[in-house]
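Enquirer: Sequence:
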Amino acid sequence: MHFDNLISAIIYLVCCYFLFWIGKLVYDLIHSDINVNDELVKKDNCAFALSLVGYYFGLVFAIGGVVVGESAGMVADLIDIFIYGPIAIILLNISTFINDKVILYKFNNKKEVIGDQNVGTGVVELAIYLATGMIIFGSISGEGGGIVTLLAFWAIGQVSFIITGYVYNLITPYCIHDEIEKDNAAAGICYAGAIIGVANIVRHAIGEDFTSWGDSLLTLVCFFGFGVILLPLIRLFTDKVLLPGAKLTDEIVNQEKPNLGAAFIAAFSYIGSSFLITWCL
Numbered sequence: 007m008h009f010d011n012l013i014s015a016i017i018y019l020v021c022c023y024f025l026f027w028i029g030k031l032v033y034d035l036i037h038s039d040i041n042v043n044d045e046l047v048k049k050d051n052c053a054f055a056l057s058l059v060g061y062y063f064g065l066v067f068a069i070g071g072v073v074v075g076e077s078a079g080m081v082a083d084l085i086d087i088f089i090y091g092p093i094a095i096i097l098l099n100i101s102t103f104i105n106d107k108v109i110l111y112k113f114n115n116k117k118e119v120i121g122d123q124n125v126g127t128g129v130v131e132l133a134i135y136l137a138t139g140m141i142i143f144g145s146i147s148g149e150g151g152g153i154v155t156l157l158a159f160w161a162i163g164q165v166s167f168i169i170t171g172y173v174y175n176l177i178t179p180y181c182i183h184d185e186i187e188k189d190n191a192a193a194g195i196c197y198a199g200a201i202i203g204v205a206n207i208v209r210h211a212i213g214e215d216f217t218s219w220g221d222s223l224l225t226l227v228c229f230f231g232f233g234v235i236l237l238p239l240i241r242l243f244t245d246k247v248l249l250p251g252a253k254l255t256d257e258i259v260n261q262e263k264p265n266l267g268a269a270f271i272a273a274f275s276y277i278g279s280s281f282l283i284t285w286c287l
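Going by my numbering, the letters in the sequence shown line up with residues 7 to 287, in that order.
FYI, nobody ran anything at the bench for these hints, they're computed from the structure.
Beta carbons: idealized from backbone N, C-alpha and C, even for Gly.
Some hints here could point you the wrong way.
[Stated by the list, open to error] Straight-line C-alpha distance at most 27 Å; calculated DSS-like pairs for lysine-lysine:
| # | residue 1 | residue 2 |
| --- | --- | --- |
| 1 | Lys188 | Lys49 |
| 2 | Lys253 | Lys117 |
| 3 | Lys49 | Lys263 |
[Stated by the list, open to error] Have a look at the derived ranges for each label pair, beta carbon to beta carbon:
| # | residue 1 | residue 2 | range |
| --- | --- | --- | --- |
| 4 | Ser14 | Asp39 | 35 to 43 Å |
| 5 | Ala252 | Glu149 | 40 to 48 Å |
| 6 | Glu149 | Phe232 | 21 to 29 Å |
| 7 | Val47 | Leu224 | 46 to 54 Å |
Produce the entire structure from the sequences given, and follow the hints as far as they go.
Expert: Right under this line is the structure:
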C-alpha cells in the first residue's frame, strides 16, 4: 500500500467513525427515555443489547455503502459521505418505527424490550436494523444511482420485510407474534434469520449498477420472489437434513423450554442459503 493510499484510508476511516458517532447521537436523541448504561450494565438487559447491537451493525453497513466502490476523488468522495451518510442514518432510524407499527404490530416493542427484557423481540429488532443497513448498503454502493434510488430501494426493502413476515407466518404452524410476546426467544431467532436472509438477497439485487428503473425493479422482483419462494423449502431442508429425527416446530414451540440451539440452526439455514443464492445468481 502506498503512503498516499494509507493517508486516504485514514481520512475515510475518521469520517466513518464520525458518522457512526452522529448515528449514536441520533439514536440517543430518539430514545431519550432510555438510559443505555443502566439497561446494559445495571439491568443486564440482553434484549436491549441485541437491539442496540443490531442498530450499530446496521449503521456500519449503511456507512459502508457510502465508502465502498469506485472512488471519484477525495473531495467528491467526502461530499458523498456527508450527503448520503446522514440520509442513511435517518432511514435506519425510521425503520424502527415501521417495525413497531407494521412488522411486530401486535404488541409494544419498547415495553417488550425494556420492561419485559424479551429476547425474542430484541433479536427481531436486531434483524430489522441489520437488514435495513444491508438494503442501504446495496442502494448506495452500486454505480449510477442517487438519492432518489436510495429512498426508493429503502422503501422497497421495508415492504419486502413486511411481505417476508406475512409469508413466514403462513408457513409456520404457529403465530410468530404470539410466540414472541410469550418471551419465546427461539421463535424470534428463527424469524430474525428469515428476515436477514431475504434482506441479503435484496441487497445483492439492488447492489448492481443502476441502469434503468425497469431493469433494476425486474431484477429486484425476481430475486425477492425467488427468496420468498425458498422460505418453506429451506424450512423443510432444516427439518430433514440439519435436524434429522426432530421437527423444527416441536423444538421451537411444542416443549416447555424452547430449543435455542435448533433456532440458531434454522436461522443459519436462512442466512447461509441467502449467500449461496447470491453467489449462484
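Enquirer: It remains to establish, for every hint, whether it holds in the given structure.
Expert: Results of checking the hints against the structure:
Distance hint between Lys188 and Lys49 is fulfilled; the C-alpha atoms sit about 20 Å from each other, no more than 27 Å. Pair hint Lys253 plus Lys117 does not hold up; C-alpha atoms about 32 Å apart against a cutoff of 27 Å. Using a Cα cut-off of 27 Å, the hinted pair Lys49 and Lys263 holds, with the two alpha carbons roughly 23 Å apart. Between Ser14 and Asp39 the beta carbons are some 41 Å apart, a value that agrees with the proposed interval 35 to 43 Å.
Between Ala252 and Glu149 the beta carbons are some 46 Å apart, a value that agrees with the proposed interval 40 to 48 Å. As the Cβ distance of Glu149 to Phe232 is approximately 24 Å, the hint placing it in 21 to 29 Å holds. Checked against the hint of 46 to 54 Å, the C-beta distance between Val47 and Leu224 comes to roughly 49 Å, which is consistent with it.
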